[in-house]
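Number of protein chains: 2
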Amino acid sequence: MSERLAILAEGLFDQSDAKTGHGVLRFGDRDVVCVVDSTQVGKTSASVVPFSRRDVPIVADVNAAQALGATTVLIGIAPGGGKLTPAWRETLLLAMSLGLNVEAGLHTLLSDDAELVAAAAQYGVEVRDLRTSPVGLSVPRLDLSRPAGIRVVHTVGTDCAIGKMTTGLELADAAKARGRQSVFVATGQTGIAITGWGIAVDHVIADYIAGAAERLIDEGATRGDLLFLEGQGSLIHPGYSGVTQGLLHGAQPDVLVLQHLAGQTVNDDYRSRPIPPLPDVVRLYEQSSAAVRPARVAAIALNTKLLDDAGAQRAIEETEALTGLVTDDVVRNGPDRLLDAVLAAVDALG
Amino acid sequence: MSERLAILAEGLFDQSDAKTGHGVLRFGDRDVVCVVDSTQVGKTSASVVPFSRRDVPIVADVNAAQALGATTVLIGIAPGGGKLTPAWRETLLLAMSLGLNVEAGLHTLLSDDAELVAAAAQYGVEVRDLRTSPVGLSVPRLDLSRPAGIRVVHTVGTDCAIGKMTTGLELADAAKARGRQSVFVATGQTGIAITGWGIAVDHVIADYIAGAAERLIDEGATRGDLLFLEGQGSLIHPGYSGVTQGLLHGAQPDVLVLQHLAGQTVNDDYRSRPIPPLPDVVRLYEQSSAAVRPARVAAIALNTKLLDDAGAQRAIEETEALTGLVTDDVVRNGPDRLLDAVLAAVDALG
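Line by line, the protein sequences give chains R and Y. Going by my numbering, the residue at position 282 of the first sequence is 282; the numbering climbs one at a time, nothing skipped. One gets my numbering by counting positions in the second sequence from 1 and adding 350 to each.
Extracted from the complex, chain R is given alone in its bound form (with noise of 0.2 Å):
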């Protein structure tokens, strides 16, 4: 029997927080029945979330998604500090009872959830965890060598969740079509739902931080000679910079794009902390990525979500005029003018 999933968004599925389930919507391969949240029954997932494209019911609670064919609840929220909330944990309970295999992407490990583990013994279900360490990871190698013969495009951020991992996966497609032996690599448990591999790098110790990077280079290089690698929070991130700095060196990109809500002023966890003028966090990631091999930031990857269309309009022009640097949204307008700019970038490195 094929893997159908449900996903999980109590509550929360018309809010980025839902961003799992976002992705895994928009970009995964994998099936999905339908998306639990009680508070939205009766909608469908691109009623609420257009961006979300795959159009599956919302149903109330797990019952309803195994009478649907569900085999799978997987978390779709991304909540701040990674953990399992009791809430959440019941339903896991209930839908093992179910049947159900349950998967998250959370720092509380479920498979260290002793009642959780027996419970899928019980069950004879099994209990999944996106965002373990692997093994045998240490700090990057002593001379930086690199694959041969690959590039790497690095998505970063003036904050998280704003979409980085969309840009990128838009990016990799779309340089795909264009006969580029492209790849996305994930480093967050959303990206590894959708695409099957990658490390969560958050959730490394760390010390490792780079090294995990390094070896995420080495998986992509196997799979492909141009990388897009999946960005994780922002260097002026008061939570994350650290995972984004050990990201950025350990991964040594050749090309950056810089994501940008546009409108957001200050940061959306950390209110009391302003958002720098653009061109400040250009010069911020180039300084910072030139200890260890430079980056030069090609484009503005603009989320104009927020925006009507000739508002989004004048975001993008106003952005290519503060920043120098081709600027537009991917979903809005497709991945073309970014992937122009990106590639020659890229190109113009021999």
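Think of the hints as simulated: they come from the structure by calculation, not from any bench. Just so you know, even glycine gets a beta-carbon here, dropped at the ideal spot from N, CA and C. Hints may be right or wrong, so weigh each one.
Unchecked claim - Beyond 12 Å from chain R on every Cβ pair, some chain Y residues (computed):
(1) D367
(2) S397
(3) D411
(4) T435
(5) R439
(6) L448
(7) A468
(8) G474
(9) P497
(10) A498
(11) G613
(12) D686
(13) D690
As the list claims (entries may be wrong) - Which stretches of chain Y does chain R cover? Using the computed rule of at least three CB atoms under 8 Å from a CB of chain R, they are:
(14) 479-493
(15) 544-557
(16) 622-628
Said to hold, decoys possible - Distance ranges between label pairs, derived from CB positions:
(17) R:K83 <-> Y:P627: 41 to 47 Å
(18) Y:D618 <-> R:W197: 30 to 36 Å
(19) Y:D618 <-> R:S145: 14 to 20 Å
(20) Y:Q614 <-> R:E320: 39 to 45 Å
(21) R:Q264 <-> Y:D575: 33 to 39 Å
(22) R:W197 <-> Y:D405: 52 to 58 Å
(23) R:S16 <-> Y:A498: 32 to 38 Å
(24) Y:E569 <-> R:R283: 31 to 37 Å
Dock chain Y against the given chain R, drawing on the hints supplied.
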């Protein structure tokens, strides 16, 4: 019965690998009765390593340590990779059978070793890991509030293992001698072995580096109001920059002291990567900190151990001219000049 340490440094006490032992002897308040190194029996700690400052006998084995009244064996060696060797493991088992507690700051956790745990139960002694990640860590508070009335001085660097901890300890001690309520805040296993508290931030889950730093500041604020936070790695270190960045943002320092090894031109581990001119490194740290709390580099702590007295003085003067910042070597010349500059910067904040 109060605790008395035996520092295990078998075969390595005269080498920099034994830096944990050296640090505990030089800076620690904990009672140390001896060093265990069978290759140096009959000498004393200060005769082998003058930097160690406290003079205790060096004995052949843990039996001799017990005879001198030791209650705890501390592994005083910080090996590359942080692994427990079979020989040290045998020594720990022997020590426990003699009624001694065992303590280590390795990446291999003693408490993960079933045989060590069983032996501890059998002999009624304790197994202590200095590098465990505390429970309940998360990302920083959303309002980024900080305990009232405290100031944080953070030693940062151009590389790892060049003296950031030593400078912090010397400055904290000297500030206390001037009547300040100063506290050294340990972020690595050696600092924790010295002070008896702290978090080894390189061992926590990557997402929680900043949260761990925040917790350290909270704890430090219960002990004093002028905190000298130990630095880790370097923002320009290809392997450890993620830890450095997370610590910088989570701790929200007010004032930075930039540590540099005079004469060093490339990263010690990654020798293909040059160390940029110091003014560029100063700017990078100040720009990175600005996203969370602006911090100014107030002084340069220059490690001149590779130079003679005249060369050291010349290097200090050249660095002052290059950076425009007060520069000194706290080990060679004492901490007073640097402390003057640091306190001036702290007090200027009001």
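Hey, does Y:G613 actually stay past 12 Å from chain R on C-beta? holds (19 Å)
For Y:L448, is the shortest CB-to-CB distance to chain R above 12 Å, so the non-interface label stands? holds (33 Å)
Verify the CB-CB distance for Y:D618 and R:W197 against the hinted window 30 to 36 Å. Holds, since Y:D618 and R:W197 (Cβ atoms, about 34 Å apart) stay within the stated range.
Is the nearest Cβ of chain R still more than 12 Å from the Cβ of Y:A498? holds (16 Å)
A cut-off of 12 Å on Cβ-Cβ distance, and Y:D367 was said to be off the interface with chain R. Does that hold? holds (17 Å)
So is the segment 622-628 of chain Y in contact with chain R by the C-beta rule, three or more residues under 8 Å, or is the coverage claim wrong? holds (count 3)
Say whether it holds or is violated: Y:D686 keeps its Cβ farther than 12 Å from all Cβ of chain R. Y:D686 is indeed farther than 12 Å from all Cβ atoms of chain R, at 33 Å.
When you take the CB atoms of Y:E569 and R:R283, is the distance between them in 31 to 37 Å? This hint holds: roughly 35 Å between Cβ atoms.
In terms of beta carbon proximity below 8 Å, does the segment 479-493 of chain Y have 3 or more residues touching chain R? Since 5 is at least three, the answer is holds.
Consistency of beta-carbon spacing, Y:D575 to R:Q264, with hint 33 to 39 Å: holds (36 Å)
That 52 to 58 Å hint for R:W197 and Y:D405 (C-beta), does it hold up? holds (57 Å)
Is it correct that the beta-carbon of Y:T435 has no partner in chain R closer than or equal to 12 Å? The claim holds: Y:T435 sits with its nearest Cβ about 17 Å from chain R, beyond 12 Å.
The earlier numbered hints are all upheld by this structure, with none contradicted.
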